[in-house]
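*Asks:* Construct the entire structure; sequences and hints are all you get.
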Amino acid sequence: MLYFSLFIVFSACMVAFLFFNKIYIHTSTMAVVMALGIITQGVLLNFFGTHFFHGVFGKILTVIDLALWNSFSFSFILSFLNKKFREIHYFRPINRFGMGTWVAGTSICGILIYKQFHEWVLIARLISYFNLGLWLIYIGLCVKAFYDIYRKELSKNVHGILLLTTVSTQSIVLLISTVFKHIPIKLDILFISLGVSFYILSTFLIIRRYCTKDDSRLIETEWNNTNCILHGALSITGLASLVSHAASKQGVMVIWICAAAVFLIVEVLEVYRLVKRIKSYGLKKGIFIYDVSQWSRVFTFGMFYTFTYLNNPNYFYFALIRKMVILAGIWAILVLVLIELLLCIRHVFKIYLNHANKHQVNSASANSSL
Numbered sequence: 080m081l082y083f084s085l086f087i088v089f090s091a092c093m094v095a096f097l098f099f100n101k102i103y104i105h106t107s108t109m110a111v112v113m114a115l116g117i118i119t120q121g122v123l124l125n126f127f128g129t130h131f132f133h134g135v136f137g138k139i140l141t142v143i144d145l146a147l148w149n150s151f152s153f154s155f156i157l158s159f160l161n162k163k164f165r166e167i168h169y170f171r172p173i174n175r176f177g178m179g180t181w182v183a184g185t186s187i188c189g190i191l192i193y194k195q196f197h198e199w200v201l202i203a204r205l206i207s208y209f210n211l212g213l214w215l216i217y218i219g220l221c222v223k224a225f226y227d228i229y230r231k232e233l234s235k236n237v238h239g240i241l242l243l244t245t246v247s248t249q250s251i252v253l254l255i256s257t258v259f260k261h262i263p264i265k266l267d268i269l270f271i272s273l274g275v276s277f278y279i280l281s282t283f284l285i286i287r288r289y290c291t292k293d294d295s296r297l298i299e300t301e302w303n304n305t306n307c308i309l310h311g312a313l314s315i316t317g318l319a320s321l322v323s324h325a326a327s328k329q330g331v332m333v334i335w336i337c338a339a340a341v342f343l344i345v346e347v348l349e350v351y352r353l354v355k356r357i358k359s360y361g362l363k364k365g366i367f368i369y370d371v372s373q374w375s376r377v378f379t380f381g382m383f384y385t386f387t388y389l390n391n392p393n394y395f396y397f398a399l400i401r402k403m404v405i406l407a408g409i410w411a412i413l414v415l416v417l418i419e420l421l422l423c424i425r426h427v428f429k430i431y432l433n434h435a436n437k438h439q440v441n442s443a444s445a446n447s448s449l
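The sequence shown stops at residue 449 when you use our numbering, and every number in between is there.
The set of hints was computed from the structure by calculation and includes no laboratory data. Do not take every clue at face value.
As the list claims (entries may be wrong) - Straight-line alpha carbon distances no greater than 27 Å define the calculated DSSO-like cross-link-like pairs of lysine-lysine that follow:
#, residue 1, residue 2
1, Lys101, Lys163
2, Lys162, Lys223
3, Lys429, Lys363
4, Lys194, Lys101
5, Lys101, Lys138
6, Lys358, Lys265
7, Lys235, Lys364
8, Lys235, Lys223
9, Lys265, Lys364
10, Lys223, Lys163
11, Lys162, Lys429
12, Lys101, Lys429
13, Lys260, Lys328
14, Lys358, Lys235
15, Lys101, Lys162
16, Lys429, Lys328
17, Lys162, Lys231
Unchecked claim - The calculated label-pair distances, taken between Cβ atoms and stated as ranges, are:
#, residue 1, residue 2, range
18, Lys265, Ile430, 43 to 53 Å
19, Ile216, Arg425, 16 to 26 Å
20, Leu81, Leu413, 24 to 34 Å
21, Ile405, Phe283, 29 to 39 Å
22, Tyr396, Phe98, 47 to 57 Å
23, Thr300, Ile156, 20 to 30 Å
24, Gly128, Ile400, 15 to 25 Å
Note that this is a predicted model, so its numbers are computed, not measured. From the three backbone atoms N, C-alpha and C, an ideal C-beta is built for every residue, glycine too.
*Replies:* Dropping the structure here:
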């Protein structure tokens, strides 16, 4: 009852902030829920053990994540009721892919509820049914978006957000494999195969963009934060295969090797981009600026860490790499989360001040007219 009360209080505060400040959140903001969910359920649980995860701290983190999911969902519904949904979330074909965070965020919340609060198992199952329907709608919108990208020649603007088709699909596998114990293996294989198909298509479009666009070499401006999902989508595919037992141990190992290789390539490019941005814009504007897409990096790091932790290779060198990732990765991820949280809090505070200032200006104008 205590944690349910905390959930109500946290949700009410967040919903009130969004409502009274008339804030419609970005389509991909549910990536915050995805990131904090995998950090809680994957990174912290595996590194610090079940004693930490099932203790007070782990449950509070879960409640906060669920409250964020609830308040973000309210914002999406509010945008629909106020006839702003199409403008904010649907009008731009590439932005539609960001709705994949809604599916993946809902999946992680269902998993957290099932793992943390056994008395809420029925709720976790209801969320699973709802999320399956949401995924079907999302995939339908994405198929149309892929067609719009081809028809309107928008391929020059594609980036890692397309890979949310894979992430959302594999998150469904993780959810149903957790909440429902007896799932036909053929159904898991079908979902995983579909996710892999989306990965191949999306990766092809992303690579073609950077190989053909004239200014693609300007990495500090043309490289998108969401491109880190190139390895995150592979990691969640491997994790889904591992949890559902849809692939052999050798098959899972192949996916992990691919994910590790892509992780290395992408993050080398990220470091190069970081250096270029500091040279071009300085330390403050080059690094310490907030964008919701940065949460995708937290999610992908957490997903690769979780996949690596649960995958136990027999080969000595791979086992050594796994140990290094586990021991060093935990602190890198925690630092990354802390930085992102501070940037996010500063961003929210600025939004509040801007709305407060506008309110004061409007009040002053009304008084002067009287």
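*Asks:* Now tell me, hint by hint, if it's right for this structure.
*Replies:* Consistency of the hints with the structure:
Between Lys101 and Lys163 the CA atoms are separated by roughly 12 Å; this keeps the pair inside 27 Å, and the hint holds. A threshold of 27 Å between alpha carbons decides the hint, and for Lys162 with Lys223 the separation of about 21 Å falls inside it, so the pair holds. Distance hint between Lys429 and Lys363 is fulfilled; the C-alpha atoms sit about 16 Å from each other, no more than 27 Å. Using a Cα cut-off of 27 Å, the hinted pair Lys194 and Lys101 is violated, with the two alpha carbons roughly 34 Å apart.
A hinted pair counts as satisfied when its Cα atoms are at most 27 Å apart, and Lys101 with Lys138 does not qualify at roughly 30 Å. For the suggested pair Lys358 and Lys265, the alpha carbons sit about 52 Å apart, so the restraint of at most 27 Å is broken. For the suggested pair Lys235 and Lys364, the alpha carbons sit about 26 Å apart, so the restraint of at most 27 Å is met. Restraint check for Lys235 and Lys223: the C-alpha separation of about 18 Å stays at or below 27 Å, so the hint holds.
Between Lys265 and Lys364, the direct Cα distance comes to roughly 49 Å. Violation of the 27 Å bound is thereby established for this hinted pair. As the CA atoms of Lys223 and Lys163 are separated by approximately 20 Å, the hinted pair is consistent with the 27 Å bound. Proposed proximity of Lys162 and Lys429 is supported: the alpha carbons are some 26 Å apart, at most 27 Å. The hinted pair formed by Lys101 and Lys429 meets the criterion: a straight-line CA distance of about 14 Å does not exceed 27 Å.
Restraint check: the Cα-Cα separation between Lys260 and Lys328 comes to about 20 Å, which is no more than 27 Å; the hinted pair holds. Between Lys358 and Lys235 the CA atoms are separated by roughly 26 Å; this keeps the pair inside 27 Å, and the hint holds. Distance check on the hinted pair: Lys101 and Lys162 sit about 13 Å apart at the alpha-carbon level, within 27 Å; holds. Among the hinted pairs, Lys429 with Lys328 is inconsistent with the structure: their alpha-carbon atoms are about 49 Å apart, more than 27 Å.
Between Lys162 and Lys231, the direct Cα distance comes to roughly 25 Å. Compliance with the 27 Å bound is thereby established for this hinted pair. A beta carbon spacing of about 47 Å between Lys265 and Ile430 agrees with the range 43 to 53 Å that was offered as a hint. Between Ile216 and Arg425 the Cβ separation comes to about 35 Å, which falls outside the hinted range of 16 to 26 Å. Distance hint check: the CB atoms of Leu81 and Leu413 are about 27 Å apart, consistent with the given range 24 to 34 Å.
At about 33 Å, the CB distance of Ile405 to Phe283 agrees with the hint of 29 to 39 Å. Between Tyr396 and Phe98 the C-beta distance comes to about 54 Å, which sits within the given range of 47 to 57 Å. The beta-carbon spacing between Thr300 and Ile156, approximately 35 Å, falls outside the hinted interval of 20 to 30 Å. Checked against the hint of 15 to 25 Å, the pair Gly128 and Ile400 passes, with Cβ atoms roughly 22 Å apart.
Hints 4, 5, 6, 9, 16, 19 and 23, counting from the list given before, are not met by this structure.
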